[in-house]
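Single-letter residue listing:
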Amino acid sequence: MATTEPSSDKAARYSGTTRKDTLNRWLTRSGPLLALLAMCLILSLVSPFFFTTDNITNITRQTAFVALLAIGQTFVILTGGIDLSVAAIAALSACVAAVLMTQPIELFGIGLGPFPPVLAMLIGVLVGVMAGAFNGIIIARFGVPDFIVTLGTMTILRGLALLVTGGFPVPSFRAGPDAVPLPDFLIWAGTGSIFGIPVAALIALLVMAIAWWVLRYTAFGRATFAVGGNRQAARIAGIKVGQTKVLVYAVSGLCAAIAGIVMVGRLSSANALMGEGDELRSIASVVVGGTHLFGGQGGVVGSVIGALIIGVLGNGLNLLDVSPFWQRIAQGAVIILVVVLDYWRRSDSQK
Amino acid sequence: MVAPGDTALSLRDIDKVFPGVKALDSVSFDLRAGEVHVLLGENGAGKSTLMKILSGIYAPDGGEIRIGGEPVPRLTPETASAHRIGMVHQELCLVPQMSVAENILLGQMPKTGLGAIDWPQARRLASKVLDRLGVSLDPKREVGELEVAEQQLVEIAKVLSREPRIILLDEPTSALSDAERHRLFDVIKTLTQEGVGIIYISHHLSEVPMIGDRVSVLRDGKMVGTLPARDVPEAELVTMMVGRAVESQFQRHRGEPKATALEARGLSLRGHFDNLDFKVRYGEVLGIFGLMGAGQAELVRVLFGLTRPTAGQLLVDGEPQNFTGPSDAIAKGLALIYRDRRESLVPLMPPGPNMSLAWLSDKPPWARLERARERDEIKNYIGSMNIEPPLPDREIMFFSGGNQQKVVLSRWMSSGSRILIFDEPARGIDVGAKAQVFALMDGLAAEGAAIIMVSSEPAELSGMADRTLVMRKGQLATQLMNEHTNHQTLLSHAG
Chain A
1 MATTEPSSDK AARYSGTTRK DTLNRWLTRS GPLLALLAMC LILSLVSPFF
51 FTTDNITNIT RQTAFVALLA IGQTFVILTG GIDLSVAAIA ALSACVAAVL
101 MTQPIELFGI GLGPFPPVLA MLIGVLVGVM AGAFNGIIIA RFGVPDFIVT
151 LGTMTILRGL ALLVTGGFPV PSFRAGPDAV PLPDFLIWAG TGSIFGIPVA
201 ALIALLVMAI AWWVLRYTAF GRATFAVGGN RQAARIAGIK VGQTKVLVYA
251 VSGLCAAIAG IVMVGRLSSA NALMGEGDEL RSIASVVVGG THLFGGQGGV
301 VGSVIGALII GVLGNGLNLL DVSPFWQRIA QGAVIILVVV LDYWRRSDSQ
351 K
Chain B
352 MVAPGDTALS LRDIDKVFPG VKALDSVSFD LRAGEVHVLL GENGAGKSTL
402 MKILSGIYAP DGGEIRIGGE PVPRLTPETA SAHRIGMVHQ ELCLVPQMSV
452 AENILLGQMP KTGLGAIDWP QARRLASKVL DRLGVSLDPK REVGELEVAE
502 QQLVEIAKVL SREPRIILLD EPTSALSDAE RHRLFDVIKT LTQEGVGIIY
552 ISHHLSEVPM IGDRVSVLRD GKMVGTLPAR DVPEAELVTM MVGRAVESQF
602 QRHRGEPKAT ALEARGLSLR GHFDNLDFKV RYGEVLGIFG LMGAGQAELV
652 RVLFGLTRPT AGQLLVDGEP QNFTGPSDAI AKGLALIYRD RRESLVPLMP
702 PGPNMSLAWL SDKPPWARLE RARERDEIKN YIGSMNIEPP LPDREIMFFS
752 GGNQQKVVLS RWMSSGSRIL IFDEPARGID VGAKAQVFAL MDGLAAEGAA
802 IIMVSSEPAE LSGMADRTLV MRKGQLATQL MNEHTNHQTL LSHAG
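Here the protein sequences come in this chain order: A and B.
Residue 208 in this note's numbering sits at position 208 of the first sequence, with consecutive numbering throughout.
If you count the second sequence from 1, you need to add 351 to reach this note's numbering.
Everything labelled a hint here was simulated from the structure, so no lab data went into it.
Watch out, some of these pointers could steer you wrong.
Said to hold, decoys possible - When the alpha-carbon atoms are kept at most 20 Å apart in a straight line, the in silico SDA-like pairs for lysine to any residue are as follows:
{"id": "1", "chain 1": "B", "residue 1": "Lys-714", "chain 2": "A", "residue 2": "Gly-167"}
{"id": "2", "chain 1": "B", "residue 1": "Lys-714", "chain 2": "A", "residue 2": "Asn-55"}
{"id": "3", "chain 1": "B", "residue 1": "Lys-714", "chain 2": "A", "residue 2": "Tyr-217"}
{"id": "4", "chain 1": "B", "residue 1": "Lys-714", "chain 2": "A", "residue 2": "Leu-215"}
{"id": "5", "chain 1": "B", "residue 1": "Lys-609", "chain 2": "B", "residue 2": "Gly-594"}
{"id": "6", "chain 1": "B", "residue 1": "Lys-714", "chain 2": "A", "residue 2": "Thr-218"}
{"id": "7", "chain 1": "B", "residue 1": "Lys-714", "chain 2": "A", "residue 2": "Gln-243"}
{"id": "8", "chain 1": "B", "residue 1": "Lys-714", "chain 2": "A", "residue 2": "Val-241"}
{"id": "9", "chain 1": "B", "residue 1": "Lys-683", "chain 2": "A", "residue 2": "Arg-235"}
{"id": "10", "chain 1": "B", "residue 1": "Lys-714", "chain 2": "B", "residue 2": "Lys-730"}
{"id": "11", "chain 1": "B", "residue 1": "Lys-479", "chain 2": "B", "residue 2": "Thr-543"}
{"id": "12", "chain 1": "B", "residue 1": "Lys-479", "chain 2": "B", "residue 2": "Leu-497"}
{"id": "13", "chain 1": "B", "residue 1": "Lys-491", "chain 2": "B", "residue 2": "Val-510"}
{"id": "14", "chain 1": "B", "residue 1": "Lys-491", "chain 2": "B", "residue 2": "Glu-522"}
{"id": "15", "chain 1": "B", "residue 1": "Lys-479", "chain 2": "B", "residue 2": "Met-449"}
{"id": "16", "chain 1": "B", "residue 1": "Lys-403", "chain 2": "B", "residue 2": "Phe-369"}
{"id": "17", "chain 1": "B", "residue 1": "Lys-403", "chain 2": "B", "residue 2": "Phe-380"}
{"id": "18", "chain 1": "B", "residue 1": "Lys-714", "chain 2": "B", "residue 2": "Gly-752"}
{"id": "19", "chain 1": "B", "residue 1": "Lys-714", "chain 2": "A", "residue 2": "Leu-202"}
{"id": "20", "chain 1": "B", "residue 1": "Lys-824", "chain 2": "B", "residue 2": "Gln-839"}
{"id": "21", "chain 1": "B", "residue 1": "Lys-714", "chain 2": "A", "residue 2": "Trp-213"}
{"id": "22", "chain 1": "B", "residue 1": "Lys-573", "chain 2": "B", "residue 2": "Gly-752"}
{"id": "23", "chain 1": "B", "residue 1": "Lys-491", "chain 2": "B", "residue 2": "Pro-447"}
{"id": "24", "chain 1": "B", "residue 1": "Lys-491", "chain 2": "B", "residue 2": "Cys-444"}
{"id": "25", "chain 1": "B", "residue 1": "Lys-714", "chain 2": "A", "residue 2": "Val-214"}
Said to hold, decoys possible - Here are some chain B residues the structure puts well away from chain A; computed CB gaps all over 12 Å:
{"id": "26", "residue": "Phe-655"}
{"id": "27", "residue": "Asn-673"}
{"id": "28", "residue": "Ile-688"}
{"id": "29", "residue": "Arg-719"}
{"id": "30", "residue": "Glu-746"}
{"id": "31", "residue": "Glu-808"}
The beta-carbon is built from N, C-alpha and C at its ideal position, and this holds for glycine as well.
Turn these sequences into a full structure, and let the hints guide you.
Pasting the structure below:
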């Protein structure tokens, strides 16, 4: 059909507000970063201890754990799901790896010495991926809400971790004469630095970069956004929704396992209850970082910035001698404030 | 009190700007008491925006609103109902778990002396309003159990129960049968005799002289003109809406059909359709017609792998298929232009990614996205299909229905689909976009694609289909060749 629309007229109708629009988009994307920089600036002014090498190193090292959880969590939340089991997966992977590399194992009557550390870590990571995939399979196959499934596995996996460790810290004083200590490189990964930057933080940055690339440039990344943006539409366009769900939970499990093993290095110990409560901190990081809690919009860079915001806030309140009771209140309030501001701006730009 | 013929409502120079688009540009409009003023315009022309301003949902950026001669500086949903403006939305907003009476009287349930709900009185009031509509519905029934047409009538009853002086009707007949539509027209006439002013939005041009006193046309956010509705020719209205003359909505440039593309043998879905046998060949358009609930909606889902059939076989290019999901169907060259565009597109994604989603259906998760190809192809489609606004980075939710439908079409054209299922392709699309969609459909068939077109609009089928299958209660009632496909034959076999 011939179309002879008066094109200049059309262009005039659509161009009027695009500059304001571009500014709004830019603010939407860089809002969390601006908030983080503002917090750092204020804390540098009010506390002489904040902007010191030691303190910054400390913050980044501490934040690496939640940041790693938050990177995996981002994939899940982008599909419209939620993973309450991340911290439990981290603890289970950490315990499995730590037990295997420090204690002799007896399997079917055959005594096996402690596993080579690299093999033990790979098994730990595999356990994390499998636990995540299990979440995804139950959700995709049986249509159980994500929240319920991961609430259940959160408890199950903590139980498994308690079974693996017998409820004691690893390496354990009960392990006997054949036990070996944790390898040095693992301790280094948790506590060491390269050019002054904590190794743990570098690992988190590397994982973030890979995750960013995956989300932006692969079929899986696009499917993740599509499933969260409109599940039914994704299905009609030929996206395998179930497969995507299983994969995002597997990715979440993978990131959690890495986080858990790095944590063993930092603490020189693993225990079944490590990181309790950090699943909620990872969700808060993702949402504070600008990812839409109902899926379809957001990204991993924002989540790492979100984790830093929460980390800096805690650190700053410590430096300012705020009582831990008030710290909890302040952290919760900031999370709500950020999300309310975000919704407010979002609904404003869509009206 | 406003007497019939007086101006009930007037808008002067209303402006409304959204990010990236001027939705209303100095629009003036007035409504007299006791008249039906039809508002026409393509999707995206600004009709819905205007309605939302009148019902207080949006605040205008400029201009003046007067109701009964009094300027109204600030119209909110509360003040709108205080001015007795009632709105019947295109999308139903009922509470499915509540009864008919509760829905009709939502927020104004009668109370007994003790403050409890007076149920007998509530049912009496609801019945009274329903009687006025000429509907026999039990006020105790749960709304979720009702047919869509009945729900629409409840929606109208809900507005009537508030005794409005001005009623906004947004495409009220889209789910109604012929008889129900005429009953609604009778109600509208009664209301206008009582002095109620009605703004009537419709896509059906044939309704304009049937119901309207005056007709106004919006195009690209501007008011094009207002005419008496009785004897304005349809062609003139179309020209006003589209901004140019449209010769024919339907085109045919097809040659002889070729090999069989898709065949159903005894295809059944328990409770919906039974033992269907039909074929569609490359190069032809096969129409499927049926009244609401005849099974054609479920047939579409089975053909595209969204639902598994309970019996029978589906063959593509002569080979039996067992689709486990749409990705299998897409791999065999099938495409679905679904009746509900909200279930076809990801609202927060721009046109490009929405188009290229289907490219991923046969790819492993780790495959690289073809971002450069996506950018180039969507630019081409935006140009060749005249997609508005021509902004490849804007999220698809900001596009009008017709433009969204073009993006859905670009998805399948760019995926090389050879068997396309058009399920109510023109629903909620305006005249200009409709003609474009049908021209694209004809072009695809002429290039050798097989097309299945499911429609409840007889005119579309007689205009486009080479053959039409008529479904009745899950069975194939008959097959009509194009020369015998018309309003009468289709309805007589379907009903």
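Status of each hint after checking the structure:
| no. | hint | in the structure |
| --- | --- | --- |
| 1 | Lys-714(B) x Gly-167(A) | violated (45 Å) |
| 2 | Lys-714(B) x Asn-55(A) | violated (47 Å) |
| 3 | Lys-714(B) x Tyr-217(A) | holds (13 Å) |
| 4 | Lys-714(B) x Leu-215(A) | holds (15 Å) |
| 5 | Lys-609(B) x Gly-594(B) | violated (39 Å) |
| 6 | Lys-714(B) x Thr-218(A) | holds (10 Å) |
| 7 | Lys-714(B) x Gln-243(A) | holds (12 Å) |
| 8 | Lys-714(B) x Val-241(A) | holds (14 Å) |
| 9 | Lys-683(B) x Arg-235(A) | holds (16 Å) |
| 10 | Lys-714(B) x Lys-730(B) | violated (23 Å) |
| 11 | Lys-479(B) x Thr-543(B) | holds (19 Å) |
| 12 | Lys-479(B) x Leu-497(B) | holds (19 Å) |
| 13 | Lys-491(B) x Val-510(B) | holds (18 Å) |
| 14 | Lys-491(B) x Glu-522(B) | violated (27 Å) |
| 15 | Lys-479(B) x Met-449(B) | holds (19 Å) |
| 16 | Lys-403(B) x Phe-369(B) | holds (13 Å) |
| 17 | Lys-403(B) x Phe-380(B) | holds (14 Å) |
| 18 | Lys-714(B) x Gly-752(B) | violated (29 Å) |
| 19 | Lys-714(B) x Leu-202(A) | violated (32 Å) |
| 20 | Lys-824(B) x Gln-839(B) | holds (18 Å) |
| 21 | Lys-714(B) x Trp-213(A) | holds (18 Å) |
| 22 | Lys-573(B) x Gly-752(B) | holds (19 Å) |
| 23 | Lys-491(B) x Pro-447(B) | holds (13 Å) |
| 24 | Lys-491(B) x Cys-444(B) | holds (18 Å) |
| 25 | Lys-714(B) x Val-214(A) | holds (15 Å) |
| 26 | Phe-655 | violated (8 Å) |
| 27 | Asn-673 | holds (16 Å) |
| 28 | Ile-688 | violated (10 Å) |
| 29 | Arg-719 | violated (6 Å) |
| 30 | Glu-746 | violated (9 Å) |
| 31 | Glu-808 | holds (19 Å) |
Violation of the numbered hints given earlier is confined to hints 1, 2, 5, 10, 14, 18, 19, 26, 28, 29 and 30; the remaining hints are satisfied by the structure.
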